[in-house]
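Line order of the protein sequences matches chains A and B.
Everything in the first sequence is counted per this note's numbering, starting at 1 for the first residue and increasing by one.
Everything in the second sequence is counted per this note's numbering, starting at 1 for the first residue and increasing by one.
Some hints could be false.
Some chain A residues close to chain B (C-beta under 10 Å, calculated; not the full set) [unchecked claim]: (1) N50; (2) D75; (3) F88; (4) L96; (5) A112.
Selected chain B positions facing chain A (in silico; Cβ < 10 Å) [stated by the list, open to error]: (6) W2; (7) R10; (8) G79; (9) E322; (10) G330; (11) P408.
Pair ranges (Cβ atoms, derived) [stated by the list, open to error]: (12) T317(B) with H222(A): 40 to 50 Å; (13) L382(B) with H84(A): 40 to 50 Å; (14) G386(B) with H84(A): 36 to 46 Å; (15) R405(B) with Q16(A): 19 to 29 Å; (16) D15(A) with S295(B): 46 to 56 Å; (17) S295(B) with L139(A): 41 to 51 Å.
No lab work stands behind these hints: they were computed from the structure.
None of the values given here were measured: they were computed from a predicted structure.
Glycine is no exception: its CB is placed at the ideal position from the N, C-alpha and C atoms.
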Amino acid sequence: MLLELEHIFKTYSNDQLDVPALKDVSLQVERGDYLAIMGPSGSGKSTLMNLIGCLDRPTSGTYRLDGTDLLSLSDNALSEIRCHKIGFVFQSFQLLPGETALQNVMLPLSFAGVRRADRPEIARRALERVGLGDRLDFLPSQLSGGQKQRVAIARALVNDPEILLADEPTGALDQKSGAAVMDLFEQLNAEGVTLIVITHDANVGSRARKILHIVDGEILEHRESPQTAGEKGAEPA
Amino acid sequence: MWENIRSSLRGIWSHKLRSFLTTLGVIIGIASIIAIVSIVEGTNRKLERSLVGSGNNVTTVALSQDSWPYDFSSGVPSGIPVVSEGLLQQVRQLDGVEGATAYRTRQSWNGAYYLDRPLGEGTITGISDSFLDTMQFSVARGRDFTAGEYARGGKVALVDESTVENLFDGADPLGLAIEIQQEPFVVVGVIRDDNAQAAEYDSLDDYYMYGYRSGGSHVYIPDQAWPIIYQFDEPQTVGVRAASTGQMASVGSRAAEILNTNVYHDSIRYTAVNAMEDAEELKTLTNSIQLMLVSIASLSLLVGGIGVMNIMLVSVTERTAEIGLKKALGAKNRTILAQFLTESAVLTSVGGILGVLLGIGLAKIISVVAGLEFGVSVPWILIAVGFSMVIGILFGAMPASRAARLDPIEALRRE
Ligand SMILES: Nc1ncnc2c1ncn2[C@@H]1O[C@H](COP(=O)(O)OP(=O)(O)OP(=O)(O)O)[C@@H](O)[C@H]1O
Ligand SMILES: [Mg+2]
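Extracted from the complex, chain A is given alone in its bound form:
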């Protein structure tokens, strides 16, 4: 099992108020899985993703990634995990505006300690993988929303992570570019990338193999997606 969460609780404590964001969440994800986490606003989806992505620690529970118990690790070691095992895709892309597509994709390589001379080539391959081989030197402001999100996906993939985490990846996109991003996810999943996508869009969720519904910090149901009960090949982007 690639990823195992057991009895995870997360409570945010404000001044006097305790906000329980996750209540007894248990979850297992296999290598090569494609999971959609769905639920209404404020149900705890982002909180869960931050925990899975090692950006935050739960109040209680256990979390193993690839067999390693992550909760005992230092902040530094968690940075290391984020760098090598996890790729993030955000709703608002989070590209550095002053840097080109290629430079944005090279950023995680510098954190991983890849030799500088090797970085452009690796980043270029990642951009080609998301179909942007001809946009290497474009600044984010010169790219469409869908292209920006694909640059962000290339950046998430560039260090060959175990899991790709996407929080509302189509939230800032129109229908068409959103669909293109979902096609890309399917293609990547077919290539063996493990995917966890957070969304409240049923169309987006339905394209995953499994759907996790969470409401008020609790898992409501965890089921196979009806459309993906059988094998499904990659669709052209």
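Given the coordinates of chain A, work out where chain B with the ligands should sit on it, guided by the hints.
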């Protein structure tokens, strides 16, 4: 590291005005330090050259009272006989002495006139036939006094180039008469100091009296003619030429000892004017002034540092999202820390370099205006730039650690 420096430089360039204003304190601080150091260094070098390095290695042994030079205008004190040829001979035989000569001299303002034209600042000196050789002066034009003029006190004069300029507008003075105390003296020769660097002042007191201006114009007459214009039997000053600069001090004090065997006054004694010591004394003075000024300038650096800290805090706030993103992508705390520390260090270093350039410019201007030597040294430039870098690291530490500790979730949530 290189990447950090490069991206810092890019950041500074993209916020040119802001970076400039931020580092203004550092620029001004460093510029004033460089300028101060240059002025002091220039003064020291000039002092050294004019007090010690006059090149002829002559120590002046003069009468002084309570460590002040004795002023003969108030009369001739009793108990101080004229320096005899025998005493001078004793001095000449000292180890390390190459020559000795006795003379009388007056610092004076307008001590001589040509027609109605006054000499201005200068000296009138009564010399014997050993003077030119001991002082290593030579006759550039005209002639030396004759043996007869030396012996009987002819009303003749030797002048230096400065006198030619001031009294005769550079025209040929030979054969013309100048007036000293209403007595005419005919100029027979123009003399030149053979050592390239003429002494500009002979002692610390002259230095205080005349400041940076040159010691003025010098007129020489035969010593035997001295009573015509000043007093009879006025005590002399003795110039002793040492074989080397290093021997000046010891030769001077031994000569003073010999000369004092002939002095019967309670408080007036012959004392060697030790230019070396004077120079050192002055240098200590200028150096302590330098220390004071540099500390004041450092205050401006401190203020500059606070400005840098402020702008770095702003920068961290502005780039919260970027920091959060980098952390989410796997940047370690120390990576972020290094990035911001580099940025503030590069910022202040650039300020430091600009400050050094500005300071060098200021020093150049001051050195030209004040007639000082230009004294900026490479070590000081390195110290200044290094110091500004240290300021960047010190004052950048707080903002940088704040950036490094930023919670990535908080940072990403803020858009
Ligand atoms: N830093 C925080 N401090 C306090 N409460 C928080 C904090 N972050 C999240 N919460 C609360 O935790 C709950 C879950 O938030 P979360 O962001 O996970 O929801 P979400 O499912 O991602 O919602 P959305 O679909 O709107 O993004 C919410 O009630 C929220 O108010
Ligand atoms: Mg959310």
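Against the structure, the hints:
1. N50: Holds. Min distance 5 Å.
2. D75: holds, 7 Å
3. F88: This interface hint holds because 5 Å falls under the 10 Å limit.
4. L96: holds, 6 Å
5. A112: holds, 7 Å
6. W2: holds, 9 Å
7. R10: holds, 8 Å
8. G79: violated, 88 Å
9. E322: Given a least distance of 6 Å, the restraint on E322(B) holds.
10. G330: At 2 Å from the nearest chain A Cβ, G330(B) passes the 10 Å test, so the hint holds.
11. P408: holds, 5 Å
12. T317(B) with H222(A): 40 to 50 Å: Given a distance of about 41 Å, which is inside 40 to 50 Å, the answer is holds.
13. L382(B) with H84(A): 40 to 50 Å: Between L382(B) and H84(A), where Cβ atoms are some 42 Å apart, the hint holds.
14. G386(B) with H84(A): 36 to 46 Å: holds, 38 Å
15. R405(B) with Q16(A): 19 to 29 Å: The hinted range 19 to 29 Å holds for R405(B) and Q16(A), with Cβ atoms some 25 Å apart.
16. D15(A) with S295(B): 46 to 56 Å: Holds, since D15(A) and S295(B) (Cβ atoms, about 48 Å apart) stay within the stated range.
17. S295(B) with L139(A): 41 to 51 Å: Given a distance of about 49 Å, which is inside 41 to 51 Å, the answer is holds.
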